[in-house]
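Protein chains: 2
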Amino acid sequence: VSNRYDVGVATRPRTRLDVDARRAQLIEIGLELFSSRPYDEVWIEEVAQRAGVSRGLLYHYFPTKRDFYVAVVRSVSDTVRDLAEPDPGLPPLARLRASIDAYIDFAEQNRHGMLTTHRAAIGADPEVRAILAGNQAEATRRIVAQVAGGAEVPATLTVAINGWLRLMSSSVVDWLESPSVERGLLRDFLTNAFVALVFAARGADPELDARLPPPPTE
Amino acid sequence: VSNRYDVGVATRPRTRLDVDARRAQLIEIGLELFSSRPYDEVWIEEVAQRAGVSRGLLYHYFPTKRDFYVAVVRSVSDTVRDLAEPDPGLPPLARLRASIDAYIDFAEQNRHGMLTTHRAAIGADPEVRAILAGNQAEATRRIVAQVAGGAEVPATLTVAINGWLRLMSSSVVDWLESPSVERGLLRDFLTNAFVALVFAARGADPELDARLPPPPTE
Numbered sequence: 001v002s003n004r005y006d007v008g009v010a011t012r013p014r015t016r017l018d019v020d021a022r023r024a025q026l027i028e029i030g031l032e033l034f035s036s037r038p039y040d041e042v043w044i045e046e047v048a049q050r051a052g053v054s055r056g057l058l059y060h061y062f063p064t065k066r067d068f069y070v071a072v073v074r075s076v077s078d079t080v081r082d083l084a085e086p087d088p089g090l091p092p093l094a095r096l097r098a099s100i101d102a103y104i105d106f107a108e109q110n111r112h113g114m115l116t117t118h119r120a121a122i123g124a125d126p127e128v129r130a131i132l133a134g135n136q137a138e139a140t141r142r143i144v145a146q147v148a149g150g151a152e153v154p155a156t157l158t159v160a161i162n163g164w165l166r167l168m169s170s171s172v173v174d175w176l177e178s179p180s181v182e183r184g185l186l187r188d189f190l191t192n193a194f195v196a197l198v199f200a201a202r203g204a205d206p207e208l209d210a211r212l213p214p215p216p217t218e
Numbered sequence: 001v002s003n004r005y006d007v008g009v010a011t012r013p014r015t016r017l018d019v020d021a022r023r024a025q026l027i028e029i030g031l032e033l034f035s036s037r038p039y040d041e042v043w044i045e046e047v048a049q050r051a052g053v054s055r056g057l058l059y060h061y062f063p064t065k066r067d068f069y070v071a072v073v074r075s076v077s078d079t080v081r082d083l084a085e086p087d088p089g090l091p092p093l094a095r096l097r098a099s100i101d102a103y104i105d106f107a108e109q110n111r112h113g114m115l116t117t118h119r120a121a122i123g124a125d126p127e128v129r130a131i132l133a134g135n136q137a138e139a140t141r142r143i144v145a146q147v148a149g150g151a152e153v154p155a156t157l158t159v160a161i162n163g164w165l166r167l168m169s170s171s172v173v174d175w176l177e178s179p180s181v182e183r184g185l186l187r188d189f190l191t192n193a194f195v196a197l198v199f200a201a202r203g204a205d206p207e208l209d210a211r212l213p214p215p216p217t218e
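Chains as they are written, first to last, in this note's numbering: chain A, 1 to 218; chain B, 1 to 218.
Note that these hints are calculated values from the structure, not bench results.
Quick caveat: nothing in here was measured; it's all calculated off a predicted structure.
C-beta atoms are modelled at their ideal positions from N, C-alpha and C, and glycine is treated no differently.
All clues given are correct.
Pairwise CB distance ranges (calculated):
hint	chain 1	residue 1	chain 2	residue 2	range
1	B	182	A	28	43 to 49 Å
2	A	91	B	182	32 to 38 Å
3	B	182	A	23	43 to 49 Å
4	A	105	B	177	29 to 35 Å
5	A	183	B	102	33 to 39 Å
6	B	60	A	127	35 to 41 Å
7	A	63	B	60	40 to 46 Å
8	A	215	B	40	42 to 48 Å
9	A	133	B	98	30 to 36 Å
10	A	151	B	43	46 to 52 Å
11	A	18	B	75	54 to 60 Å
12	A	141	B	182	19 to 25 Å
13	B	45	A	126	25 to 31 Å
14	B	43	A	141	36 to 42 Å
Taking the hints into account, I'd like the entire structure generated from these sequences.
Okay, structure coming up:
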């Protein structure tokens, strides 16, 4: 293997990957680093080194560290949105509990990543905000369609589901920072909270209540 | 009145106020400007002009626009925290409804201020975040003490109340941006949501349930 193109930091032989595979590899490395350390302690040199590529090639894919971070957030945010996808084999409440469990697992495994997007300055970057808001809106649409059984329902339900998703992410991030209750208690509270907030919306809006099917009991 | 110290922009005679009164006057002007316009459209020169002081004096109180903004947020955030203060003459649920009404009124009257602290980049400033987090923690403590009737209770209740406050502020900010439901519906949903989330916490945590007094019915 020729070392001709190496610029200092590469420690293993450079491999040739096509563009998409290389991008996916870099994002995977970014996810690992941003999940385990604060943003300011992730160095673009280390990413290049781990991928076995030159810094020049890395900058070709992601011109700045911020661009790299935004790409990682986009990938993670899509994953998180799909965690909420119900396993159709389970009864409704068990399905909900399983989704929340998957979300908390993901948060625990990506601790620093969650804290960075939700609490650090880079998390307030307009592009980062837009990605999270877009995926939250999509998750809300899916859950609303599911609760409404496909029927047209008043926006009160959207307010409730949106509110629940915010409640869930902020409670889980608070809990990562300071685990004041047991994990199972957090999971059960968030499960109950979903049902409770749908009831709260039904109670506030008779039209919504009339249009929704009876709530599931298990 | 001598014009000797005027530097350009002052349009009315400079008045002498003691330090605290001057500071309060400047913050009042800041509140008015930051509440009615995006951050980037507020000019420190206009603040000086409205207060009838030189820019030099303004910079003496607040070295940068960011410092000025942080001082305004601190003042506003204290006001918002105290909106949650119950009127002891009302029954519990009416008291809750009145607090939520006051919060929505405040948000409507301070539309741009709310959107700036919750959605704009300056709202992610660490000092701004710390002020809001401190006042949210204080509001949570007060509400928990009230719901628990002063008893020692498990942290599950704190998780629920914290979650409700986040749900309330994010729902109201969403609603300012895009009023998808009527104001009264939003108020009623948030009132029900409070009761519902306390129930959700009681349901998840038998120890909390055993320690709390029975829920109020009106």
